[in-house]
Structures are given as C-alpha cells and as structure tokens.
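*Asks:* Spelled out from the first residue to the last, the chains are:
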Amino acid sequence: MLTGDCMSELIPVVSDGETALSAAEIALIDAEIAHVPYRSAVAIDALKIVQAQRGWVSDESLRAIARHLRMSAAELDGVATFYNLIFRRPVGEQVILLCNSISCWIKGCDTLQAQISERLGIGLGETTADNRYTLLPVTCLGACDKAPVLMVGEELHEDVSAQSLRELLAGSGDDR
Amino acid sequence: MPTITIDGVAYEVEAGRNLLESCLSLGLDLPYFCWHPAMGSIGACRQCAVVQYQNAEDNRGRIVMGCMTPVTDGAIFSLSGDKARHFREAIVESLMLNHPHDCPVCAEGGECHLQDMTVMVGHRDRHYRGRKNTHRNQYLGPLINHEMNRCITCYRCTRYYRDYAGGTDLAAMAAHDHIYFGRHQEGVLQSEFAGNLVEVCPTGVFTDKSLVHDYTRKWDLQSAPSVCTACAVGCNTIPGERYGRLKRVHNRFNAEVNGYFLCDRGRFGAGFVNSDRALEFPGLREADGRYRALDHHDALHRMMDSCAAGKVAGIGSPRASVEANYLLRLLAGTDNFAPGFSDAEQDLVNLALRLQQQSAAVTPDIRTIESADAVLVLGEDVTNTAPRIALALRQSVRNKAYEMAAGLRLETWQDAAIRNLAQQQRSPLFIAAVADTPLDDVATRRLSLAPEGIAALGQAVAAGISGAASATPGSTSGEAVDIVAALARASRPLVIAGTGCGSAAVLQAAAEVANALCSSGRQAMLCLCVPEANSLGQAMLAGPKAPNLGALEERARAGEIDTLVVLENDLYRRGNSAGIDALLAECRNVIVLDGLDNATTSAATLVLPAANFAESEGTLVSLEGRAQRYYPLFQPREERRPSWVWLLACMKELERPDVHSLHHFDDITRACAADIPALAGITAAAPDLHYLNLGVKIPRQPSRYSGRTAMRANISVHEPKQREDEETPLAFTMEGLNRSQPGALLPWVWSPGWNSNQSLHKFQTHAGGPLKGGTAGVRLLHPGAAGGHRISDITAPATAAASAAPDLWQLVPRPRIFGSDELSALSPGLAELVVPGFIELSPADAGRLGVATGDGVDVGDGIATLEVRVNATMTTGCAGYSAGFAGSGNLAPLARVTLQRAANWQRRPQLIGSDRGNGSGSSHV
Ligand code: SF4
Ligand code: SF4
Ligand code: FES
Ligand code: FES
Chain A
428 MLTGDCMSEL IPVVSDGETA LSAAEIALID AEIAHVPYRS AVAIDALKIV QAQRGWVSDE
488 SLRAIARHLR MSAAELDGVA TFYNLIFRRP VGEQVILLCN SISCWIKGCD TLQAQISERL
548 GIGLGETTAD NRYTLLPVTC LGACDKAPVL MVGEELHEDV SAQSLRELLA GSGDDR
Chain B
566 MPTITIDGVA YEVEAGRNLL ESCLSLGLDL PYFCWHPAMG SIGACRQCAV VQYQNAEDNR
626 GRIVMGCMTP VTDGAIFSLS GDKARHFREA IVESLMLNHP HDCPVCAEGG ECHLQDMTVM
686 VGHRDRHYRG RKNTHRNQYL GPLINHEMNR CITCYRCTRY YRDYAGGTDL AAMAAHDHIY
746 FGRHQEGVLQ SEFAGNLVEV CPTGVFTDKS LVHDYTRKWD LQSAPSVCTA CAVGCNTIPG
806 ERYGRLKRVH NRFNAEVNGY FLCDRGRFGA GFVNSDRALE FPGLREADGR YRALDHHDAL
866 HRMMDSCAAG KVAGIGSPRA SVEANYLLRL LAGTDNFAPG FSDAEQDLVN LALRLQQQSA
926 AVTPDIRTIE SADAVLVLGE DVTNTAPRIA LALRQSVRNK AYEMAAGLRL ETWQDAAIRN
986 LAQQQRSPLF IAAVADTPLD DVATRRLSLA PEGIAALGQA VAAGISGAAS ATPGSTSGEA
1046 VDIVAALARA SRPLVIAGTG CGSAAVLQAA AEVANALCSS GRQAMLCLCV PEANSLGQAM
1106 LAGPKAPNLG ALEERARAGE IDTLVVLEND LYRRGNSAGI DALLAECRNV IVLDGLDNAT
1166 TSAATLVLPA ANFAESEGTL VSLEGRAQRY YPLFQPREER RPSWVWLLAC MKELERPDVH
1226 SLHHFDDITR ACAADIPALA GITAAAPDLH YLNLGVKIPR QPSRYSGRTA MRANISVHEP
1286 KQREDEETPL AFTMEGLNRS QPGALLPWVW SPGWNSNQSL HKFQTHAGGP LKGGTAGVRL
1346 LHPGAAGGHR ISDITAPATA AASAAPDLWQ LVPRPRIFGS DELSALSPGL AELVVPGFIE
1406 LSPADAGRLG VATGDGVDVG DGIATLEVRV NATMTTGCAG YSAGFAGSGN LAPLARVTLQ
1466 RAANWQRRPQ LIGSDRGNGS GSSHV
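Listed in order, the protein sequences are those of chains A and B. Residue numbering for the first sequence is 428 to 603, as defined by this note's numbering. Residue numbering for the second sequence is 566 to 1490, as defined by this note's numbering.
Okay, chain A solo, but in the shape it has when bound (with noise of 0.2 Å):
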C-alpha cells in the first residue's frame, strides 16, 4: 500500500495546476480530508464529488484524483468500479434506477423495465440517442414496501404502473 500520508515527501505529486481537477472541486475534496486521517480515507466523497460537477468519472478525471488523494488509479478504480452509483462511462442527463431486487420483482418490474425499454429505446445500460435518460438497474432502492419502485434523477417513485410510468416518461422519446 502506498498511499501513506506520512510518506508525502517521497510520492511525486502532480503539482495542482497541472491535474484535471477544477478549483472548486478541489476545494470540496479538501474540505472532506480536514475530517480524516489519511487523504485516501475520502475517495468515495471525491469521486462523488467529482461525479456531481461532471456527471461521470472519466479515467482522467479519476487519475486526478487519485494524485490528489496520493494514492494509486488502480487502487481507487477499484473503489470507482466497486460501487455501481459511481458512473465510469457517460451517463445521459437523467438516470432511471429501476429496481429489480425482490420486492418489486414480485410486483412486476420486469413489465416496467419492458415498458420503458419500448418507449425510450434503451436496454438495461444503454443511453438514449438524444442523452436524455440512461436505464440502470439497482437492486433495492429501500421503498420495498412501495413496490414497484424507481428513480429518475434524484426523485424516487413509488407503486409505479404502466399509467404512472407513462405520465412519467411523457415528452421524452420519439413524440417530443
């Protein structure tokens, strides 16, 4: 492991001006590392960061700010890759979240997810030509009680039907 503070004198660090990172983020990230003991201790919060200024975490934008956090890309890519809220590839404007865990199986998410599918032309994965809505699947989103459940963006929907559904995803598609 190198990613000791201790050690900061003898790991290179790509002065400031020349990584990717804006003032602005820097100065969230740095805000975040006064709470820690090690630097690396807020790579999530970074990568966050990053994600909310950009919309996704390029490998440039992660190479920043690994040498930001004095630690390896590998080792924070395993961190970026490891949860699936992080988003290494370009995501569209909105991101639907639509659960497929156990709960809203049961109530029938795969019809959703077809639904959607059909109105917006994406799979699961996939973005829309007009970069509006990328379709992910998650599993749970903690409304079980709500089932079916999803997200667009940062709002939850809960008991979702066909009716509701289309309400929804009325002027996206083809017939905006």
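Worth flagging that the hints you see were computed from the coordinates, not collected in a lab. Source: prediction; values computed, not measured. Even glycine gets a Cβ: it sits at the ideal position worked out from N, Cα and C. Where hints are given, some of them may not hold.
Unchecked claim - Pairwise CB distance ranges, derived in the manner of DEER restraints: (1) Asp557(A) - Gly1412(B): 52 to 60 Å; (2) Ser591(A) - Leu973(B): 53 to 61 Å; (3) Pro1408(B) - Asp472(A): 52 to 60 Å; (4) Arg1288(B) - Phe509(A): 53 to 61 Å; (5) Phe509(A) - Met566(B): 38 to 46 Å; (6) Arg1269(B) - Gly548(A): 57 to 65 Å.
Start from chain A and add chain B with the ligands according to the hints.
*Replies:* Coordinates of chain B with the ligands only, in the frame set by chain A:
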C-alpha cells in the same frame, strides 16, 4: 503443544498456528485457495471448511474455516464428515460458475491448484446452465499473460502484489460476479516482483508469457535444482527444459535464501540460455579475422599448445563457478590470476568480504532480514542490486504491525486484521542514497546524499551509538540523531550497504554502525551487497593480493603475457575499452571461454563454447557467504562443454601434476576446498556424486514425462539410451526417487493429488517450514563469530580526492534491475524492459547544462554519450549513470567528469513498444 481431535484421532499440534496449516503439516489433505504460507489467512474463499464441535456431546457441530481457526487444546474437528465435504464440494462448484474449463489450452493445466482442489473435493458434475462471464484481458507487459476468465476470486494476487510486494498498479475492480483483477489501464506491471503472480495465482489467470508462447506441461519438463545467476542473493530456482530449450524458471523453496519468491530478473532473466548468440563450436581466428569452427579435440590441442609455450595469465569471472575459476587459477598460477572484476569493484568486493569476516555483527539470511525491527540502508539501492532482499525489507517494516498484534494477542497469520490494525504504521527504515529508490514508499525517511555524505552520515550514526552520551552536541546532524534513536531502540537492528554506490567509505561506515551496535550490546546484523552470483566466492578464491585487470594490462604491455585465458567474462564491461583493447592486443594468444558471443569473444584468437548454468554444474557463493550448488538440467548441444571440463582437459593434456588426481567435478570442489581456506566449507554445499536416495538416483523427469521417443522421431524412431549423469546424484530419467533427499537436490515438487507448486508442503517439515531434507547451501562466513571490533584497522582503499570542482560531476552508479546484469538483459521479454543507458541529473544541474529529459550528454572527453533523465531527487553535483549497461563500460564509479550537452543528439520517440497496449485480448495466444 495443544492436542486436537480430528475425525476421532488425537493429534499434538504446534501452538499459534491455524487449523489449516496444522492439518497440512500432519499430512491431512484439506483443500484451500486463499491461504498462503507467506501471506497468512483472510478466509476469503471458504474452501478450507471443516466442522468444529463444541464438546464430545455436540454431534451437530458447525462449519468453520480451517485457515481462520486457531488450534486450541481439546478442540474437536471433522474434516471427512459429510457436512464439511459437501460444503467444500459446493464451494468449488460455485467458484467455478464462471470458470471456462479451458484446461487443455491453459498454461496452468497439469500444475493447477484449482484442478487439484476440484479433484480433491470430488466435484465432477456442473449444475450451472447459465451464461458465463467473459472478461477482456489486459496487456500486462512482456513477462506476464492475463486470462481473467479463469479467476476464482481468491484475492491472492492483490494480497501478494499490493500487500506483500508493495505494488500499486494491480487491484480488484468492480464487485460480485463482475470482479476483475487487473490494472487501471493496460500496461506493464510495475512491480519488480510481479512474476510471483504466476506461482501465487492458483489458476491460469497470470501465467509466464514466455512459457505460454513456447509451451510444455509441467509433467513434460525436465528440471534440476539450480541457483539464480542474475545477482548475488543466490535465490534457489527450478528451471524447466524440453527439446533443449529452457522453458521457464520457478521458485525453489529455500527458507533462508528466497522463501517462496523470486524477483523478475531471476524468473524471466534466464532466457539467454536459448539465445541464438549461443556459441556452439570452438572458433579459431584466421588471418582475415573470421573464425573457423573446430571440433573439440582440435580446439583442446590449440589451447594446450598456447598454454605450454610461454607465460600464461588468467582472468576469471564473478559470474562463473568456483570450480571453473579455481582450475583457471591453477592453470595460470596464483600470481597470474585476476578475479575478473573491474579494478574499482575488486577493491570494493574485497573490502566487503573483509568487513563481514571481521565484524561482530551477524550476516543475516532472508528470515533474519525479515525479522529486523529497525533498518538503515546506506547507499545501496537493493531493489536494483539484490532485489529479493528488498522484498524481505518490505516485510521487515511490518514488525511494528506484528508488535501491535501481539499486544492484542492476534495470531501472526491473521493477515487482514493485522493490516487493518497497523494501517500505515511501520518499523523504522532509513535510506540514504544518491537519489530515490523503489523502497522509499515504506521508508521512514529517504535522504538524497552524495557518497561522501552517506559515509559521513554513517560515521555520525556510529559515533552517536557508541558515544551517545559523550557526543558533543551539534557534532551529529539531526538526521543522524533520529537514526541513532531508532536503531538504539531496536532489538534486532540491521545495517545494509554494498558495492552498489561504488564507495569504500560507505561500506566502512556501515560496518562501523553495525559494530557500534554490537559494542553497545545489541545483536546487530550487517548485510553487504555485492554485484554478481559469485562475486564473494571470487574474492575468497583470489584473495586480496590478486592482480587486477589494470595490473595485467601493464604486464601485457611489458610483454610478460603470451597467452591470456579469459573465463566467462566480457572484459569490455569491466574496464575502459582502450585499456581492454590494449590488454587483448598485447597478448599473442587470447583464449576466451564463454557461452554467448560478445565483444571479448570477438577479440579472441581461440574461442571455446562454454556451457551455461543450465547445462553445467558449479558452486556459487552468495552475498551472505552461502555456497550453493547448481546442476545441469540438460545436455549442452554440439561442442559446448562446461568451462571446468575444458580447463581440466587442457591441464590433463599438459600433464599437470596438480590435476593428476582430478577426474570428476567433485574432485575439483574438494581440491579447491583443501587449497583455499576461505572456501574450505564448499564440499558441504551439496552431497557428492555418490549420494543415492534410498539406493537410487534422483530423477530430473517426473514419472509422467511423456513422448520421449516421439521427441526425436524426425531423426530416428529408435529412442537412444538416456544420457548417464556421471557427475551428480541426479539422473536424466524418470527412474529414481524424489523424496526426502537433501534440500540441495530437489529437482521439482510433486506429490500424489498435488500437481501444483502447492505440493511443496509435502516436502516441508511443517507447512511453510524448512525442507525436510535440510536447507540448501552452507554458510562460509560464520555469522557473528569474529567478535573483532577493529574495523578502523581496515583501511579503505583511497578514493579519488573529494575536491568538488564546480564544473565536474561525480559519477555515481544507478544500477537497474533490468539492464545492469549482463546475461539476464539478453533474455527476450525482459530485454523489452531495459531502458537505454542514461545519466540522471538534478533539475538544477540539468538547468546548468541546458538539458531536459530525453536530451543527450557527452560524458568526459567522449567516453560516453548518454540520455539525460532529470530526477528531482538526485543529489546536485552527482550524475547517476546506468551502471552495467552496454555503453556505460567506460564510466568508473565516483570519477569526477565533465558533462556537456551532446550535439546532434537524436531524441527517442516518446512511446516505448511494450507500453503500447495492443488492443483488448489480442495479447494472448
Ligand atoms: S486472478 Fe488468480 S490469484 Fe487473483 S483472485 Fe483470481 S484466481 Fe485468485
Ligand atoms: S536476481 Fe537475485 S534476487 Fe532476483 S531471483 Fe536472482 S538471485 Fe534472487
Ligand atoms: S426490492 Fe425494490 S425497493 Fe426493495
Ligand atoms: S483457505 Fe481458508 S477460506 Fe480460503
């Protein structure tokens, strides 16, 4: 010793171990994947499940993991009960859900731990009918092949690579059934120890690329116990051969030298054996400069004639065996035998030997290095000069973690727990070097100093230790104070230095620190690195008064040498080319014995093709003074002969009385031991030719060796009689017994049901312990026996006056693991990783010269032109150079030279071939 019950039988087991280790040590086959004797337990794979019962009344029991369960007195287990067996079978089935079952095309097949475990648990029928995952493989460089689909997610690779070896560029990516072990991006694995992945991974994910491309199954390989010849550590190896080609090198366990691991120079650096530069016939230079091939009789007569008439001088080699060097020394006479070092190195190696002989400190082996609780490295970049020691130092800094664990009564094998507990806390490791070293990431501090500065720091530390109270304040630098404090607190302090930075004063200072520690009542260790496989043996053989190359050159110029015999040594790597040219030109006959064509063979009047380490036997003395024997693994082709055979035959022809009674290799070893007091112990390095293992020889071929007749069916369908080995206790056959013989004679590991290298535990006294037959090799330096503290009596050879003129730079060697060793750098694959020769400069110095990385500089008056690398950690005023590289032969360590921006320098393109990922999946066959 606790007593435990396994399946109704009571066993006494060693306390402090886990159940898995204990079972294996008892000879019980308990399957496992993620546990590794050198890396401990994490309980990841769930393969080692057993049932544990609360007490005699408990007849249900519960499943526990053997590797995570301490053995406690009275514990009751079942290995063979249905519950445990079904669980283990289900584990293999689940681990293999995504496994492609591509054994027939897998390089691991036939020595695969997954195959062994699958058979062991009795799993046969797959129930899974879904689609399997398919991963994209990565290009990981020229040495290691990646086939990710075969992964069973045991995590051994990242635990080894990152946790054990300190690599940063391999990680576990993603989660659940997408998990992927690889790099952030395709590219060369950066660790110098990456090759051990080949042996650590229990499946065929990481395999040896050269083997994959030139493939033979383990059961078809002929192997012999060997010793790595690529540096002075002397790691024990098992090279494998088929069709006269060296196919691969595996680790041969030696608890005191290399444990379970090799470095990549050693593992991948033996490919030169297959080189098409190998000499096959003796060559006699004709008037027109061409060489005429001779058969060996003619060649011998030529050699004899040259040696009979006139004065003979010999130049030996630190990369040749003790025996060959000894014969040459007999042939030429003690006063006419130069050991074959460069002049500067000869003084340094002699000094290193004397310091170790006279020090009260212990000369450590790898285990004691790992046990050090404070380390001071002076001047030596061990990762690049004695790599395996660097891997041991990475373990020594964990002693802090083990201390913390002991405080919590955590067993040492609780790997994840201990790493979590210690986080970044490490035992002290101080490094003083001319610039950065690959160990810096685990160092408490790395100081960039010029060689005199390193020596002065060492002196200050020594003074601080011996007179801590009396030292006048201000006389030691702040750095020295910290180092003194760390060493003084330690109970097993270790000081490391070596010939690597070219400074006698640094060696001396290191010895003084060790002695000061000993005088202050500590059991200090002193490890002095030397450059080559037999450097130390050569110093022992030749002695301090032996002439050096410079002295021979003078004699040659004075017409005092008629015939010069050069043994396995490319002299152009040892001295400046003008001097070597003169030496060779002034001798009427220059007879060169070597294995590969090089600049020196090209200047010879007679060239004799010498067998390499894979084709001959010999003894080498490692940097810890351990004499070790290597054995031929196949017969040399054509007229190649071991050097000792050439030399002995020549002396017999000359009817020399001193070789009258020498017939076999062993006779030479014995004669040398009797003649040279420092080498008296070498006969004990390994059993002699008459050793029989329960009445039979030891086979080089495993019992399943196949296709022996077919191998040469293109020539004749009649299988010739196997060659008899008349020099060693090994046989070139399948017949014989490979079990419980001395450790020095272990040609391969295999045991029924254990086809992979994990079968090793069957050869160990207990799982992870030393070999049952005893640890290979014999120590010639009696560690710590000398008791003499009078280091100051030994005067270091004078080094060039330290007048730092402002427009002169001091040349400081910067050895590289890939490139500084002559032969390994010629191995395909590894050769791709050798960077061009370089000069490293501090940014300030680069600025003064007006150069940037990639520009060229002329060194001295045109003695070399090398590529600049600007290194922010380089000591200003010093110029690090690629020591041991072709093109650096003219550069002498510590010389003060002028530097100048090279005119007409052609910058290299930025990308090097092996960095260019060649597309997904296309890198494997
Ligand atoms: S690549 Fe090999 S060592 Fe690594 S987790 Fe997979 S099977 Fe284990
Ligand atoms: S080069 Fe040295 S450290 Fe590496 S395997 Fe060979 S002997 Fe061991
Ligand atoms: S199963 Fe869908 S929200 Fe929990
Ligand atoms: S070996 Fe015990 S869980 Fe893997």
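*Asks:* Against the structure, test the hints numbered earlier, and report the numbers of the ones violated in rising order.
*Replies:* 3
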